[in-house]
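Take the given structure of chain Y and dock chain W to it, following the hints.
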Amino acid sequence: MEYIVQQVLNALSFGAEYALLALGLAIVFSIMGLVNFAHGEIIAVGGYTMVAFASLAIGNPMIVMVGAVLAAMLASLTLERVAFRPVRKADPTTGLLTAFGVSIVLQNLFLLFVSPRPIAVTSLYFLDWSIEIAGIRLASLQVFETLTTIIVIIALMLFLRRTVLGLAVRAASLDFEMVRLTGIRANRVFAIAFLISGLLAGLACIFIMARRGSVDPHLGFEPVLKAFVACVVGGFGSLPGAVLGGFLLGAVEVAMLVMLPQSLGGMTDAFVFMIVAMILIWRPDGILSPAVEKGDKL
Amino acid sequence: MIRLSSSQRSGLVGAALLALVLVAIGLLTAYFGSRYQVRLVYSAYVNLIVVLGLQVFMGNARITNLSHSAFMGIGAYAAALCVTPENIKKISLPDAPWGLAQFSLDPVVSALIAVVITAVLALLLGMLIVRLTSIGATIVTLAILVIIHAIFLYRTDIFKGNQAFFGIPQVFNLTSVIAIAILVVIVCRLFRESRWGIQLRASADDEVGAAAMGVQIYRLRLIAWVLGAVILAVAGICYAYFLGTISARPFYFNHVFLTLAMLILGGMRTVTGAVLGTFLISFGLEGVRYLETGPVFLGIDLPEALGLSGIALGAVIVLTMALRPTGIMGNREIETLFVRQRH
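Note that the protein sequences, when read in sequence, are chains Y and W. Under our numbering, residues 1 to 298 are what the first sequence spells out, in order. Under our numbering, residues 1 to 343 are what the second sequence spells out, in order.
No wet-lab data here; the hints were simulated from the structure. Virtual Cβ for every residue (Gly too), placed ideally from N, Cα, C. Among the hints, a few may not be true.
Some chain Y residues close to chain W (C-beta under 7 angstroms, calculated; not the full set) [unchecked claim]:
no.: 1; residue: 83
no.: 2; residue: 94
no.: 3; residue: 97
no.: 4; residue: 102
no.: 5; residue: 108
no.: 6; residue: 112
no.: 7; residue: 115
no.: 8; residue: 132
no.: 9; residue: 232
no.: 10; residue: 270
no.: 11; residue: 276
no.: 12; residue: 277
no.: 13; residue: 281
no.: 14; residue: 284
So that you can see chain Y by itself, here it is in the shape it has in the complex:
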């Protein structure tokens, strides 16, 4: 029984991380149809900011964390301005390939200007200790991560439903031209979407760094690959879909880790991707995608 509870909590914390990242991808996709593969490099920007703070001998964890999140937001905003504005009206494939390109450029910039090797960041170790409640051993990091994701989801929901700008963002995902006709600046809506996306990446960055304790140029690639898959499974562009997809992926991954025999350990990712592919073949547009007929005006 305790074992099951433990694994469920593991699945929740895995899922929380994927959900955080998937939300960041989905909010951008819902507005401009861009699959932002450079999201992973935003996480790496946060990681390298922590390195910068460490080399400046600033150890105050609040400053480090807030700094990393702010840097991620700024990087996200910059990418929107520099790289993604020219392909704003293009089809999803063009956007996807642009994002791939941006991702390769950033990874190699880190490699060129910082280091190809991992750099240790120790300032966040304090976040991780183990707690024991009713015989269940937990990592505090898992609890923080799950709680943060829940708070973020609630805050995002309030923002999208209770503020004018949030309303504009939601409306923009349905009919962008109409939003512009009502006098809201397109650039502001895009900026907000990328800022939120950067904020989510920054938060995810804190947890990833606290767990890994080091940063290298490919830090964000794998988590974002998974988040991307979560997004697609949930229904691309749907925010509830991103959250559902994230937690579902976390559950599948933990289930695979638990159920697969030790000898198949290296195949976990292969099985996860296989299940994802099967979900997509069952529902090509994802589980929670809105029903769209081919040929509809989008």
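Coordinates of chain W only, in the frame set by chain Y:
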């Protein structure tokens, strides 16, 4: 006698022009190139075959495929497993199951078997992919890439994972790869101008409209997908038969992005674009790699700059997408540059 349409005739002219270019580059390399440069040009030709295989599906159906390097790997490993002599396999693959280490075939039969295996696998996977639309299809191809790579790494008893699978007879030289590349160019061009190619391109422009005109989109996509996979298998075989050693690493993300950048830069809608992009990036990257080592250039001692080639590759993709999303060639094939088109 088969009657060809005017676009098919100009397709053959275009393929012949491209063949001339391929032969010219090959001759120049063979006469003036050092051993190292011959190797380099050989790998450019292998990448050309990969990019052409990618173009058949991506350019005509316009669905981004990210699994192509995996199919190249399947072709390479299947051929390598068949062709490698028994005595070498006994050393390198002592635990191989199903008697894989107990036989060896001659190179041609091995290549044929490899192509058939890849085609059958592609057919099975393709039946799942062709029903999906843009992003969904791309994700499934991504999943295929990850799964196949995981299998290469996991079954070390068959594929040796990231270690070298050695002892493949080196039966190919520059001439053979050029001959194959020319053949593939002709096949790609004829497919593009065939009924199937034209219908498939129409379905990419307007899926609903083409379906309403009676185009069987799923079937055509499947044909293009399998043809592309066969070409990719051929590329993998060329790779294995020249180098003599293969490992799982070259069939993963880095190679996917490299070849994708080639196709995008040249323009994925045309065969000419695939050829142009491949050579521009192959030779361009070599220049950048030279800068990467930190040479003395015009009297200035440049610093070592690892990662420069990656930046260049990414920048090529981003700039092409921003400035000219259809690539350098757009919708034009090579012969339209010389022959005035009648409208």
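Going down the list of hints, with the structure as the test:
{"no.": "1", "hint": "83", "in the structure": "6 angstroms, holds"}
{"no.": "2", "hint": "94", "in the structure": "5 angstroms, holds"}
{"no.": "3", "hint": "97", "in the structure": "6 angstroms, holds"}
{"no.": "4", "hint": "102", "in the structure": "6 angstroms, holds"}
{"no.": "5", "hint": "108", "in the structure": "3 angstroms, holds"}
{"no.": "6", "hint": "112", "in the structure": "4 angstroms, holds"}
{"no.": "7", "hint": "115", "in the structure": "10 angstroms, violated"}
{"no.": "8", "hint": "132", "in the structure": "35 angstroms, violated"}
{"no.": "9", "hint": "232", "in the structure": "5 angstroms, holds"}
{"no.": "10", "hint": "270", "in the structure": "4 angstroms, holds"}
{"no.": "11", "hint": "276", "in the structure": "6 angstroms, holds"}
{"no.": "12", "hint": "277", "in the structure": "4 angstroms, holds"}
{"no.": "13", "hint": "281", "in the structure": "5 angstroms, holds"}
{"no.": "14", "hint": "284", "in the structure": "5 angstroms, holds"}
Checked against the numbered hints given earlier, this structure breaks hints 7, 8; the rest are met.
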